[in-house]
Amino acid sequence: MTVSVTTLEVGQSIGSTTVHVTRQDLVRYAGASGDFNPIHWNQSFAEGVGLPGVIAHGMFTMGAAVQLVTDWADDPAAVVDYQTRFTKPVVVEDTTAEPGEPGAVVEVSGVVGAIDTDASTARIDLTVTAAGQKVLVKAQAVVRLP
Amino acid sequence: MTIAPDLQGRSYPPAEPYSVGRESVRDFARAVKATHPAHFDVAAAAALGHADLVAPPTFAIIVAQRADAQLIADPDAGIDFTRVVHADQRFVHHRPILAGDELVAELHVDQVRAMGGGAMITTRAEISTVEGAPVATSTSSILVRGEGQ
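Chain order of the listed sequences is A and B.
Reminder that position 98 of the first sequence reads as 98 in the UniProt record's numbering, one-by-one numbering, no gaps.
Reminder that position 111 of the second sequence reads as 111 in the UniProt record's numbering, one-by-one numbering, no gaps.
Okay, chain A solo, but in the shape it has when bound (with noise of 0.2 Å):
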């Protein structure tokens, strides 16, 4: 699919996804990012944090939100600029015992929020949600396309 900026239209949908998380998705994320905050991993220090339970990294629920603007634009590159705020964090229940359920549901979708045809560029304004409720907030990603 190639997308080109004089085609769009403010307001048009790029899409939605849904992003199942387990457990075993936090430990992956922090291994690979190097964030081994236990409040991902641990139960009990979660809660003795004041946590309801071990929580999504907010870069994991970022990182995976964008997915639906890359395979849009059908380039990682394009991404020339990607911000959000971190507004609910995402609990992810144990769900060990029982391998394909997923501990939490993160609910992406993305439309156009602005095009700057002189730069070639569009931004995408993501919708991201768990449990009924925005976890991210201002979640923006321009993209430069042909």
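No wet-lab data here; the hints were simulated from the structure.
Misleading hints may appear alongside valid ones.
Beyond 12 Å from chain B on every Cβ pair, some chain A residues (computed) [stated by the list, open to error]:
1. SER4
2. VAL91
3. GLY100
Covered stretches of chain B, as calculated for chain A (at least 3 residues, CB under 8 Å) [unchecked claim]:
4. 24-32
5. 35-41
6. 45-56
7. 59-68
Using N, Cα and C, we set each Cβ at its ideal position, and we do this for glycine too.
Since chain A is already given, all that's left is putting chain B on it; use the hints.
Coordinates of chain B only, in the frame set by chain A:
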């Protein structure tokens, strides 16, 4: 602990370079559930005009958080890392990060604001190649919760 009042405006010079390996790009891509072939297959990356595997858009966090660690570990800064919450994050890519890059980051403390009994600290990591070519700017705000928050 008390946040050092003169923290704003402080900067930390680049530490050891971070070598971006192909397997690190693949591992990070899997870790964020990215499936685009340009993260995994050199030929697929080349077909899009890239010299090597393309790192996912948030890969720069690895380099940025290594730079942040200097600040958080600095006893003089007064940051209790167990009370740190990531509040916001932005990446501006001057060019994509590719496997084979040797990256360094210079960290700047741009803003320190009192928030209740804690503080919101905004840092900016200017990521470049070891030769000095700009690659990415990572801006993070962390909330250091005060006692009882």
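_Check on VAL91 of chain A being off the interface with chain B, judged by Cβ distance over 12 Å_ = Its Cβ never comes within 12 Å of chain B, the nearest being 15 Å, so this holds.
*asked:* For GLY100 of chain A, is the shortest CB-to-CB distance to chain B above 12 Å, so the non-interface label stands?
replied: holds (15 Å)
*asked:* Quick check: do three or more residues in the segment 24-32 of chain B have a beta carbon closer than 8 Å to a beta carbon of chain A?
replied: holds (count 6)
_Three-residue Cβ test at 8 Å for the coverage of the segment 35-41 of chain B by chain A_ = Held - the segment 35-41 of chain B has 4 residues with a Cβ nearer than 8 Å to chain A, which meets the minimum of three.
*Over 12 Å to the closest beta carbon of chain B is the bar; see if SER4 of chain A clears it.*
At about 16 Å from chain B, SER4 of chain A clears the 12 Å cut-off, so the statement holds.
*With a C-beta cutoff of 8 Å, work out whether three or more residues of the segment 45-56 of chain B approach chain A closely enough for the coverage to hold.*
This one holds; 5 residues, not fewer than the three required, reach chain A with a Cβ under 8 Å.
*Has the segment 59-68 of chain B got at least three residues whose CB is nearer than 8 Å to a CB belonging to chain A?*
holds (count 4)
No hint from the list above goes unmet by this structure.
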